[in-house]
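Protein sequence lines correspond, in order, to chains A and B. Following the numbering used here, the numbering of the first sequence begins with 67 at its first residue and continues without gaps. Following the numbering used here, the numbering of the second sequence begins with 67 at its first residue and continues without gaps.
A hint or two may mislead.
Intra- or inter-copy, both count: the list cannot distinguish identical chains.
What the hints assert, rightly or not - Listed next, the in silico EDC-like pairs over lysine to aspartate or glutamate satisfying Cα-Cα at most 16 angstroms (straight line):
| # | residue 1 | residue 2 |
| --- | --- | --- |
| 1 | Lys-83 | Asp-166 |
| 2 | Lys-83 | Glu-385 |
| 3 | Lys-388 | Glu-155 |
| 4 | Lys-83 | Asp-488 |
| 5 | Lys-467 | Glu-477 |
| 6 | Lys-398 | Asp-317 |
| 7 | Lys-109 | Glu-261 |
| 8 | Lys-467 | Asp-166 |
| 9 | Lys-83 | Asp-352 |
| 10 | Lys-451 | Glu-148 |
| 11 | Lys-255 | Glu-294 |
| 12 | Lys-359 | Glu-78 |
| 13 | Lys-359 | Asp-480 |
| 14 | Lys-398 | Glu-385 |
Because the hints were derived from the structure by calculation, they are not lab data. Source: prediction; values computed, not measured.
2 protein chains.
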Amino acid sequence: MGDTQALLARRERLLGKNTSIFYETPVHLVRGEGVWLWDADGKRYLDCYNNVPHVGHCHPYVVDAICRQASMLNTHTRYLHEGILNYVERLLGYFDDSLDAAILTCTGSEANDIALRMAQAVTGKTGVIATNFTYHGNTTAVSQLSTRMPPVGGYGGHVRHVPAPDSYRPLGGTSGDVFAAAFTAEVEKAIKSLEESGHGFSALIIDPFFANEGFPDLPKGFLTGAAEAVRKAGGLLIADEVQPGFGRTGDNMWGHQHAGIVPDVVTLGKPMGNGHPIAGVVAGSDTLNAFRKAFRYFNTFGGNPVSCAAGMAVLDVLEQEKLMANAKYVGKYAKDGLLRLAEKHSVIGNVRGSGLFFGAELVLDREEKTPAPEIATRLINEMRKRGVLMGKLGIHQCATKIRPPMPFTTENADLLIGTLDDVLTAL
Amino acid sequence: MGDTQALLARRERLLGKNTSIFYETPVHLVRGEGVWLWDADGKRYLDCYNNVPHVGHCHPYVVDAICRQASMLNTHTRYLHEGILNYVERLLGYFDDSLDAAILTCTGSEANDIALRMAQAVTGKTGVIATNFTYHGNTTAVSQLSTRMPPVGGYGGHVRHVPAPDSYRPLGGTSGDVFAAAFTAEVEKAIKSLEESGHGFSALIIDPFFANEGFPDLPKGFLTGAAEAVRKAGGLLIADEVQPGFGRTGDNMWGHQHAGIVPDVVTLGKPMGNGHPIAGVVAGSDTLNAFRKAFRYFNTFGGNPVSCAAGMAVLDVLEQEKLMANAKYVGKYAKDGLLRLAEKHSVIGNVRGSGLFFGAELVLDREEKTPAPEIATRLINEMRKRGVLMGKLGIHQCATKIRPPMPFTTENADLLIGTLDDVLTAL
Chain A
67 MGDTQALLAR RERLLGKNTS IFYETPVHLV RGEGVWLWDA DGKRYLDCYN NVPHVGHCHP
127 YVVDAICRQA SMLNTHTRYL HEGILNYVER LLGYFDDSLD AAILTCTGSE ANDIALRMAQ
187 AVTGKTGVIA TNFTYHGNTT AVSQLSTRMP PVGGYGGHVR HVPAPDSYRP LGGTSGDVFA
247 AAFTAEVEKA IKSLEESGHG FSALIIDPFF ANEGFPDLPK GFLTGAAEAV RKAGGLLIAD
307 EVQPGFGRTG DNMWGHQHAG IVPDVVTLGK PMGNGHPIAG VVAGSDTLNA FRKAFRYFNT
367 FGGNPVSCAA GMAVLDVLEQ EKLMANAKYV GKYAKDGLLR LAEKHSVIGN VRGSGLFFGA
427 ELVLDREEKT PAPEIATRLI NEMRKRGVLM GKLGIHQCAT KIRPPMPFTT ENADLLIGTL
487 DDVLTAL
Chain B
67 MGDTQALLAR RERLLGKNTS IFYETPVHLV RGEGVWLWDA DGKRYLDCYN NVPHVGHCHP
127 YVVDAICRQA SMLNTHTRYL HEGILNYVER LLGYFDDSLD AAILTCTGSE ANDIALRMAQ
187 AVTGKTGVIA TNFTYHGNTT AVSQLSTRMP PVGGYGGHVR HVPAPDSYRP LGGTSGDVFA
247 AAFTAEVEKA IKSLEESGHG FSALIIDPFF ANEGFPDLPK GFLTGAAEAV RKAGGLLIAD
307 EVQPGFGRTG DNMWGHQHAG IVPDVVTLGK PMGNGHPIAG VVAGSDTLNA FRKAFRYFNT
367 FGGNPVSCAA GMAVLDVLEQ EKLMANAKYV GKYAKDGLLR LAEKHSVIGN VRGSGLFFGA
427 ELVLDREEKT PAPEIATRLI NEMRKRGVLM GKLGIHQCAT KIRPPMPFTT ENADLLIGTL
487 DDVLTAL
């Protein structure tokens with residue numbers, strides 16, 4: 067604890083106040099391997115939170131690929147190099163044929179910053195629609211999509227927010243069709259509002275899995291109407307795959323495939339390089355070329371040989387270790403465990419998710435579905451004490467954020483569910 | 067050549083049209099070591115261009131640091147880790163005491179995107195002044211500073227451009243005092259214009275070495291008046307050190323020290339991790355905290371343990387191999403070589419620079435100083451054929467861009483100067 071206080075003080079001095087940190091007693095990590103993390107005292111934690119180390123912390127195959135390429139060459143894309151071509155070609159193989167070109171960046175924020183400009187280049191308009199409890203990144207332009215904090219100088223007026231879907235409290239009632247129609251109607255209203263403003267409508271940007279909004283269980287075809295409304299109005303559909311991408315949902319490589327839609331632009335981030343800073347934008351070549359014509363773009367580190375080697379290694383491990391199938395199997399196993407816990411603990415109002423992004427929404431009472439964010443906070447802090455790392459998120463900040471590295475096993479799930487049971491019993 | 071054409075076609079298909087690339091016959095690189103690069107045919111090139119591999123391509127000490135940390139742990143800053151604290155503490159030791167805190171990012175673009183918001187947070191205003199031939203990065207917000215291409219939806223109206231200093235054709239004449247006063251007057255005029263607009267004045271952002279603008283040889287104290295005008299108006303002075311930083315000018319660690327000013331905010335990028343994507347913003351803690359209070363900011367990859375290990379290793383090598391002193395000695399040696407070439411080749415109108423950022427401005431005639439951008443283009447393509455990689459830049463696009471890795475030797479300089487002599491003779 068003395069160590070923790072000293073580190074926190076040093077951190078505030080060197081990195082500033084209000085830097086975000088996890089847990090009442092933050093964790094001082096020193097080592098990672100697979101789904102495990104160790105702190106400075108040698109205490110082991112089961113990582114049920116981190117999707118960045120997608121194929122497992124410090125996966126030796128990925129580390130080797132990075133080391134080999136870093137020893138060989140690391141330059142930029144103004145020279146020719148096969149690494150970026152081989153990687154992009156391989157990556158595009160996981161997408162619909164209409165999504166046939168890519169730009170590589172370093173962060174998901176940079177990717178979304180480009181995606182918004184792609185929509186501007188194609189449509190000549192600047193208005194954007196996002197959901198009202200979302201997060202797409204930290205650049206000046208992209209942070210205008212967040213509802214959390216009004217920027218200095220105010221919002222640009224070119225963003226409209228539609229209510230994020232909440233499958234536990236569906237707009238319009240419990241019927242899937244009505245729920246979807248209500249979302250479509252909100253998108254249509256926002257399009258109209260942008261068209262009536264001077265901005266015009268350029269794009270709807272969504273995480274098709276709505277991870278930050280609480281990963282609702284959406285009926286099949288939920289987004290079809292909204293996608294049609296976007297196309298009818300001449301806008302682009304941007305799918306932010308930073309959270310659900312790379313097989314996390316277990317049944318598909320991408321969240322938009324899980325949702326049954328084909329976007330015009332797809333943005334990738336966090337899990338792409340297993341922690342190495344690589345991200346990207348995938349689009350149809352016409353869309354991509356429109357962007358490249360309207361805005362000159364060059365990213366010094368984007369698509370460098372080491373980043374591409376890291377990205378390629380992640381795809382190799384995903385395939386070799388059949389991690390998408392693992393996500394499906396273990397995800398269902400763990401979700402079933404949560405459903406059993408729900409029979410015992412009334413604080414669990416709803417269990418949902420897909421693959422290795424699943425969780426429970428905590429409520430004060432099941433009748434009124436009153437959100438229990440304070441209980442969620444106590445829960446994750448108790449879990450941390452007992453050696454299981456997880457978070458919370460969602461519209462009401464009372465859903466558990468369980469999103470472990472992809473090699474998560476049924477034994478890991480047993481430990482998670484068992485510890486959750488103990489903590490919920492003791493709460 | 068067949069290989070080159072095939073790679074170019076593949077590149078256009080996968081990465082889009084209008085992707086920027088160097089040389090009439092692009093170079094297909096496969097290996098790098100120190101100041102040397104090799105193409106797929108085994109041909110060796112002297113790298114006189116790349117500042118990203120700051121301490122030399124694939125420096126084994128930096129590669130080792132990356133591999134060791136990548137094998138150990140790579141998470142984000144919402145957990146405690148000593149790597150970022152040790153690195154930031156070490157880094158801040160190279161700055162004035164007033165610059166005592168930092169935020170780490172992945173790219174210089176992200177750093178400048180933050181710097182602009184720091185100025186907004188401190189001043190409550192949004193107007194920015196930049197020079198008219200500059201480049202500070204590729205995000206939506208930062209690209210508004212560039213004059214190269216009007217963005218879709220137009221410029222925000224909050225940017226004023228002042229003429230970049232041109233020491234070869236100084237505004238107001240050849241006297242240093244008058245030259246500086248003319249620049250100060252332009253800055254004062256731009257401040258007034260922003261104050262009269264609704265935007266107000268938040269910051270002047272400059273590369274204190276004016277690298278992209280053609281690295282003018284500025285008289286001592288050139289920027290003092292402009293810095294005073296900025297402070298008097300309550301604005302912030304942002305120094306973009308992506309080009310001159312980390313000892314490149316030979317006499318100082320930072321371009322702003324070379325220029326004799328203390329900025330309020332400093333942004334870092336390219337050379338920081340020897341190619342690993344790490345960048346950052348250094349500021350006084352009050353400024354940094356104002357930003358953190360006004361804008362929530364978290365960067366998933368920013369300041370991760372591997373990036374910090376790369377950054378620390380670069381500082382180690384800089385010190386151990388005395389690379390700043392090397393830049394000073396070899397830079398002067400090479401510049402003297404260029405001055406000798408100028409006696410022989412009248413196309414060289416002006417020789418200037420500092421440390422390992424030096425070069426010649428090419429002109430059609432020395433009387434009129436008529437820029438010779440086409441000759442510069444032919445020159446760099448001929449140099450490439452003869453195995454020396456360099457570029458061109460500047461207000462008139464006729465200055466050579468010579469900015470080699472820091473372990474550049476006098477022998478390397480001899481090869482550069484000798485080859486330049488041959489090419490200029492043959493042109």
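Enumerated hints in conflict with the structure, sorted upward: 2, 3, 4, 5, 7, 8, 10, 13, 14
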